[in-house]
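Novice: Since chain E is already given, all that's left is putting chain F on it; use the hints.
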Amino acid sequence: MERRKTILICDDEPALRELIRASMDDGFEFAEASDGIVAMELARELSPDMVILDLMLPRLSGLEVLARLSADEQLKDVPVLVITAWNETREDVLAAGADDFVSKPFDPEALRSAVNRLVAA
Amino acid sequence: MSRSNGRTVSLRDRMLLASIVLAAIVVGVFVATILAVSAARNATKQEARSKNLSVAALRLEKLVLDVENGVRGFALTSDRRFLAPYTDAKAALPDQRKLFRSLATDQPLQATRAKTLDFDIGIYIETFADPVVQFSNRRAAELAYDSEGRRQAASIRNQFAQFIQAENELSRSRERAADSKSRHAIELGVVGLTGSAILILLFAIYLARGIARPVTEAAAGAGQVAAGDLSFRLSQTGPGEVGEFTKSFNEMAERLESTRNELEDQNAQLRESERLKSDLVNTVSHELRTPLSGVMGFTKLLLTREFDPETRRHYLGIVDAQARRLSNLLDDFLDVRRIEEGRFERAQELVDMATLLREEAQLYSQQSPKHEVAVEIDHAPLAVLGNPDRLRQVIGNLISNAIKYSPQGGVVEVSADGGNESVRVEVRDEGMGIPLSQQPQIFTKFFRGDAPASGITGTGLGLAVSRDIVESHGGRIGFTSAEGQGTTFFVELPGANGVKDRQGHDEDQS
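These protein sequences, in sequence, are chains E and F. Counted the way this note's numbering counts, the first sequence spans residues 1 to 121. Counted the way this note's numbering counts, the second sequence spans residues 1 to 510.
Do not take every clue at face value.
As the list claims (entries may be wrong) - Below, computed lysine to any residue pairings styled on SDA-like, alpha-carbon distance capped at 25 Å:
1. F/247 with F/10
2. F/404 with F/482
3. F/300 with E/67
4. F/404 with F/421
5. F/370 with E/12
6. F/300 with E/12
7. F/300 with E/92
8. F/300 with E/17
9. E/5 with F/482
10. F/300 with E/27
11. F/277 with E/92
To be verified - Covered by chain E, according to a simulated footprint, are these stretches of chain F (three or more residues, beta-carbon under 8 Å):
12. 283-292
13. 298-309
14. 315-323
Quick caveat, the hints were computed from the structure, so don't treat them as lab data. No residue lacks a Cβ here, since even glycine has one placed at the ideal position from N, Cα and C.
Chain F on its own, in the form it takes in the complex:
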C-alpha cells in the first residue's frame, strides 16, 4: 500500500463516497416505498370507483324498474294513481343517468355497455313509456305495453345484469390488485428500512475499524513512546491517511530509536574516552615522575656529596638516560597532538630498512639482558622513501613492546623481506599475547589493556603513533596474536619505486 503506486483513495474521498452511496441507497428505498404506497392507493381508489359504479347502476336499474312498474300499472288499470312511481322515477332519472355515464368512463368495454344501456333507456322512455302514459284508452295502452314495452324492459334488465356482473368482476380483480400492491409496499418498506439500517451499521463499523481503532491505537502508542518505549510500532493496516499516519508514526519512532541508540553509543564512547583520559593522567603522572625522580635525585646527590670520578660518571650516565627517557615521553605526547591535528612531517629520504632494523635490534638487545633480539634479513638493502627518524620510532616501538610484553624473557625475532615494490618487516615475540577481546582496540590511543595491572610501563601511545607514521608513508601495520602464545607485528611499506609513483599521484591531487 502507499503513495508509490499513486492509486490509494484518500480517507476523505472514501468517507465521502461511502456517505454518498449510503444516502443514495436510503433515498432509493424511500422513493420505491412511496411509489409502492401510491400505487396501492390508486388501486384502492379504482376499487372504490368500481363499487360506486355498481351502486349507481343498481340505482339506475331501480329507477327504470319503477318507470316500468308505473307504466304497467297504468296500462292495466288506466288509473292515474298507479303512475306515482313513474313520475317520481322520471324526475330522478336524468341526474342518475348522468352520474352513471360519468362513473363508467375508466374501462372501455364497460363504458360502451353503459352508453348502449343509457341509450336504450332513453329510447324506452321516449318511444314507449311516455307515449303509453299519453293513451287514454286502456286497451290501446295495454297492447302497446304488452308488445314492445315488455321486450324493451327485458332487454334493459338483461343489459344491467350483464353490466353489474362485469363491474363486480372488475371490482374483485381491482381489490386483488390493491391488496397485492399494499402488501408489496409494506414488504418494500420493511426490507428497505432494514437494509438501510444494516448499511448504516456497516458504515459505522467501517469508520470504527478504519479510523477510530487505528487512532485509538496510535494514541496509546504515542503514550508508550512518550514514556520511553521507543521500540513500539503500530500495525500499518489503516486506509488512506490513517495508513499514512501509522506509517509516519512508525518512521518517527524508528528515527527516535536510532537517534537514541546513536546517542547512547556516543555517550558510551565519551565515557570510554573520559576513562582513557583519566587513565592517562595517572599514566603520565607515573611515567614522568619515575625518570624525573632519577634525574632530580642523582643530581641532588652529585651536588651534595663527594663521589669518586667513576661513580660520578656512572650516576651522570643514569641522569642522562633518564633525561632522554623524559624527552622521548614528551615526543610521544607531542606526536599525539600531531596525530590529532593531522600534521606529520614527511621527510622524503632513501632509507635502508635492513640497516635500520639491525641498529634498533642491537640497541634494545643491550637494554634487556633477559631477551635475545635475533635479526633475519634475506637480502639487503631494503630501500624505502620516508622519514628515517619516524621509521626508526616505529621499529623501536615494536621491538620495545615485544620485550615489554614477554616479561619472562626469550627470543624476539626481527625479520624483513621485499624488493623494489614493497618491504615487509615482522617482529615476533614469545610473550603473553593479546587477548582476543582487546585486539580491536590495540591501536587506540592510550589503550593499554592489562598492562597497568601487570605493572608494564608505557603510555598507550606507541602503536597509535606507529600506525599513523606507517599510514602516512603509504603502508600498513597489523598483527597476529593468540593469548599466551606470543604476538607477531608486521609493517608493510611501499618500496622506493612504489613511493615515487605514489608521490607523483599525490601531487596531482593537491
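One chain only, chain E, in its complex shape:
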C-alpha cells in the first residue's frame, strides 16, 4: 500500500484550516500550524509532501516562511501553495518562491485540484 502523502497547513484561523482539510480528497495526512515558527518546526520535523501557506501568519510572516523553505536544502523542492487575503499579484508570490496561488475567498474545488496537481508533480 502506497504511503499517505502529508500536507502541512499553515493558517492562524482554525475555521480555515478545517475548510482546507475538508476540501481535500481522502487519503492525505494533515499537519497544522497556527503561526510561522510552528510551521517551520513542523516542516523540518515532517518533511511534508506539500505546504499550504497563508501569508498572514503570527510571529513569522508567510513570506519569511517561504524564504526559509527555499533556503533549506532538505525542503527547497517541497511544493508550496500560497493562500492570501492581501493584494499581492500572482507574479509577486511566484517570484517569492511559491508554486501556486489562490486568494481568499477561494473555491474549495479549485484548491483541491491545485493541491492534487502539485502533489502529483
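Specialist: Just chain F now, with coordinates in the frame of chain E:
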C-alpha cells in the same frame, strides 16, 4: 519702546527737529561771524578816521605856522615880500579848519579840544595876525608881535601837540581794537564752520545708523525670509517708524513661521491619516476575506458534497460563526461612521454590570482554551444607566484585546467595584503590554501598533469605539501598561443615581 507709552517721537518729527536745530545752529554761526566781521570793519574805519584827523591837525598846524612865519618876517623887516606864506596860508585856512572840525566829532574830549583850538586860531588871526599886517610902522608891528603874538602862537602850538598826542593814543587803541576784532571774527568763522561741519557729519551718521542701516538689514532679512529662512529676526532698535517697521517685520516673520509650522503639522497629520487609511484598506481586505472564505467555502462544500448529519451540522456551525464575525465587523465600521457623524443612540436602561461582566467573561473563556478569564466582583448588583448592547460591546472589546495581546496564554482578570455613585471595571492581562511610544495613540481609530507585524488580527477600531461609548455614558476609560508586563484597562461609569442627575442637567441645556 513702542506705541504703548504713546511718547515715542515719530521718525519724521525727529528728522524735522534735527534739521531745524542744525539749520538754526548754522544760521547762528553765520550771523555771529557777520557781526564780528562788521565790528572789525567799524574798528578799522575808526582807526582810519583817527589817522585822517591827525593828518588834518598836522596840516592845520602847518598853516598856522606859515601864518606866524609870514607875520613875524613882515614884523621884523616890514618887507611885504615876507608876507607870501601868510597870504597863501590864510587862503587855505578856512577849508582846512572846517575839515579839522568835521573830522574831530566822534570823540567828545578831542572834539572840545578841537573846538578850543579852532577858536584860538580864529582869535589869533583876527586879533593879532591881521592887525599886525595892517601896521605900516615896523616898530609898532614888532612890538605887537613880540608881546602878544608870541604868546598866542606858543599856546596854539601847545594845544596842537596835546591834541595830536591824544589822537595818536586814540588811534593806537583803535588799531588794537580793530586787530582784536578781526582776530575774533576769524576765530569765530573757523570754529563755527568746523562745528557746523561736525554737526552735519553727526546728522548724516545718525541718519545712516537710525534709518539706512536698519533698512539695509531689513532688505537683507526680507531676502532671507523670501528664500525660506522664516526663523530670521531683525534686531528691534530703530527709532520711531523704523522701530515699528522692524517690529512689524518680525511679527510677520513670526506669523509666517507659525503658519508654516502649523501647515507642516497638518501635513504630517494628513500623511499619518493617509497611511492609516491605506492600512485600513489592507486590514479590511484581510479581515473581511478570512470569514468570507469560511462562509463561502463551507457553503460550497455543503452544496456539492455529501456529508453525514453530524459533520454537516458542525460545518453549518462554522458558517454561522464566520457570518456573525462578518456582521460584527460591519457593525464596527458602522460605529466608526457614527463616531465621525457624532451620533450614538443612548438607550437608557438599568444595566447590572456584574451580570454583564460574568456573561462576557464566560463567552470569551469558551473561545480561547489557552486563557483563563477570572471574574472578581465584590458586591452585586452594580447598576448603571445606559445602552446594554453598547456596554457589552465595550467589555467584550476589552476582554477580547486582553486575550489577543497575550498570545502565550495566561490569566485575564476581570474585576468590578462601586456603588450608587460610580462603577469601576478593570480588565487585567499578563500579555505583551503597550510600548510607551504607542500609548498616546492607543485610542486612535485604525491604530494597531505592532499588531499587524505580530499577526494579531483586528481593525484598530475597538478602543476608539469603546471610548466613544463610555464617554457618551458620562464615564471615562483609561489604562496602565508596561511593555512586556501586561496591561490593565479600566472603565469608570456613573452609578445609576449619578446618571439620573446628569440626565436632568443635560436636558436643561438642550
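Novice: Run the structure past the numbered hints and jot down the numbers of the failing ones, going up.
Specialist: 3, 4, 7, 9
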